[in-house]
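Engineer: In the order they appear, the protein sequences are chains A and B.
Following the numbering used here, the numbering of the first sequence begins with 1 at its first residue and continues without gaps.
Following the numbering used here, the numbering of the second sequence begins with 1 at its first residue and continues without gaps.
Hints in this document: simulated from the structure, not taken from any laboratory.
Small disclaimer: the values here were computed from a predicted structure and weren't measured.
Pairs count within a copy or across copies, as identical chains cannot be separated in the list.
No more than 16 Å apart at the CA atoms, straight line, and that leaves these computed lysine to aspartate or glutamate pairs for EDC-like:
hint, residue 1, residue 2
1, Lys114, Glu174
2, Lys249, Glu121
3, Lys104, Glu139
4, Lys178, Glu143
5, Lys145, Glu156
6, Lys249, Glu51
7, Lys145, Asp181
8, Lys114, Asp177
9, Lys113, Glu143
10, Lys114, Glu143
11, Lys104, Glu135
12, Lys145, Asp177
13, Lys173, Glu143
Protein chains: 2
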Amino acid sequence: MRMDSNAPIGVFDSGIGGLTVAREIMRNLPMEKIVYFGDTARLPYGSKSQETVLRYSRQIVRFLQNQGVKAIVVACNTASALALDTLEKEIDIPIIGVVKPGAKVAARETTGKKVGVIATEATIRSHLYRKLIQEIDPEISVEGKACPLFVPLVEEGWRKDPITEMVARRYLKELQDKEIDTLILGCTHYPLLRNMIGSIMGESVRLVNPAYETSLALKQLLQEKNLLNQGHREEEFPYRFYVSDAAEKFTSFANSILPYDVQMTRQINLEEY
Amino acid sequence: MRMDSNAPIGVFDSGIGGLTVAREIMRNLPMEKIVYFGDTARLPYGSKSQETVLRYSRQIVRFLQNQGVKAIVVACNTASALALDTLEKEIDIPIIGVVKPGAKVAARETTGKKVGVIATEATIRSHLYRKLIQEIDPEISVEGKACPLFVPLVEEGWRKDPITEMVARRYLKELQDKEIDTLILGCTHYPLLRNMIGSIMGESVRLVNPAYETSLALKQLLQEKNLLNQGHREEEFPYRFYVSDAAEKFTSFANSILPYDVQMTRQINLEEY
Chain A
1 MRMDSNAPIG VFDSGIGGLT VAREIMRNLP MEKIVYFGDT ARLPYGSKSQ ETVLRYSRQI
61 VRFLQNQGVK AIVVACNTAS ALALDTLEKE IDIPIIGVVK PGAKVAARET TGKKVGVIAT
121 EATIRSHLYR KLIQEIDPEI SVEGKACPLF VPLVEEGWRK DPITEMVARR YLKELQDKEI
181 DTLILGCTHY PLLRNMIGSI MGESVRLVNP AYETSLALKQ LLQEKNLLNQ GHREEEFPYR
241 FYVSDAAEKF TSFANSILPY DVQMTRQINL EEY
Chain B
1 MRMDSNAPIG VFDSGIGGLT VAREIMRNLP MEKIVYFGDT ARLPYGSKSQ ETVLRYSRQI
61 VRFLQNQGVK AIVVACNTAS ALALDTLEKE IDIPIIGVVK PGAKVAARET TGKKVGVIAT
121 EATIRSHLYR KLIQEIDPEI SVEGKACPLF VPLVEEGWRK DPITEMVARR YLKELQDKEI
181 DTLILGCTHY PLLRNMIGSI MGESVRLVNP AYETSLALKQ LLQEKNLLNQ GHREEEFPYR
241 FYVSDAAEKF TSFANSILPY DVQMTRQINL EEY
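Only chain A is shown next, with the shape it has when bound in the complex:
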């Protein structure tokens, strides 16, 4: 099947965090249309098992394919870590996750071969960042630290708050003790705490934002496949948002972080897919 370069890109996440990935795609691939799906009825994925995350991801991929997307971005570190390898084998359109691009850049940028990863429990437990980085350079040590309170703190709106800073200092302490020089923000919510994390870790530590790196990797992939869009700007609604629950709450969070006014989010029942 020949894919239409004018078709939208499917982006999915367990909820709202993947909007930081959608935001980077909007910035770096401004001609592309996006169909975003947030699985808000079943979030978070970060504490769930591989089997469950894979089952949920398959349903979402079917939904996105029904929407006629030309490529899929798994904008969720947990789903990228636990489901991407399997999904890749099951579908015939390009699909990329956020983990590989982040791992690649971290491996390239580390000066002392000491990389840290902060992420959800499930991503850390998967050891995928470590595996991918050490495939590139086995001499790089990779230290992971799960930070389960960061997501609820961001969603509470406490992004610049002394309590969040105390939590961050405690979480980051062991990575500081291990003298990492590069830190991967391995969960899509974490770039929203970027300034705080940066000031705690200090200037000598390079922060890697997988959302940004993924948008660059997507651009390259679409170029290779001859799938880059030439002009969506004529269209009135280049960005479409779907969720499995509570569309209103999603829309208001989306408006707080996107450089663009989200008018409407539609709610769908994923169990039909």
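Dock chain B against the given chain A, drawing on the hints supplied.
Structural biologist: Chain B alone, transformed into the frame defined by chain A:
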């Protein structure tokens, strides 16, 4: 259909929180058998819509009925607030939630007619505690406060931690300013923070634990229906635990709060019910 008084009681929650209710039933109804279901694959319910919580609750009720339970306890404030009224009409065995028993006791205990409720966002938004209390006495004012960080803080294991105390002080400040004299711990995780909340609110504020009140209401209900069990003690496994995801994690949390050693938790796929 004549129900067998020897049948187990079904208890369900979005995850592990309902174990505080199961614990009270074990203490106050030691002869009863329990089938517990925790919807760990789809937790938390507290940020989800009524429609979604009702759909999930119906699946769980079908599962519990398949297990032959004689009565059902909705051990989740959110599901009690959003789904219980509908479920009651749909099934023919007794079903009770945690909200009504908590509301009743708060209305009885308040000396100054000022009640506070702390709970998840969805429970607070439903205004159900307020509605039920004011049905009993319209002069009682009811102030609600959502505390979305309490659940992840408890699950992080930070039950006695200065950070949790700072969060609690901030959340509880507005209820203190409103001079409530009675506070409902309206989420099943919150009794695990009981001491901290009690010392912040001070001795003059009475804390109501709906889990405890629910176990007493269940006892009365079973008595009325002639369904009290006379002797499970001969049985080797009076308590059975089922989850929709990550049984191992559940078992370890269960063992940290139950007065009883949980040997095994079984994982089932709820979408089949």
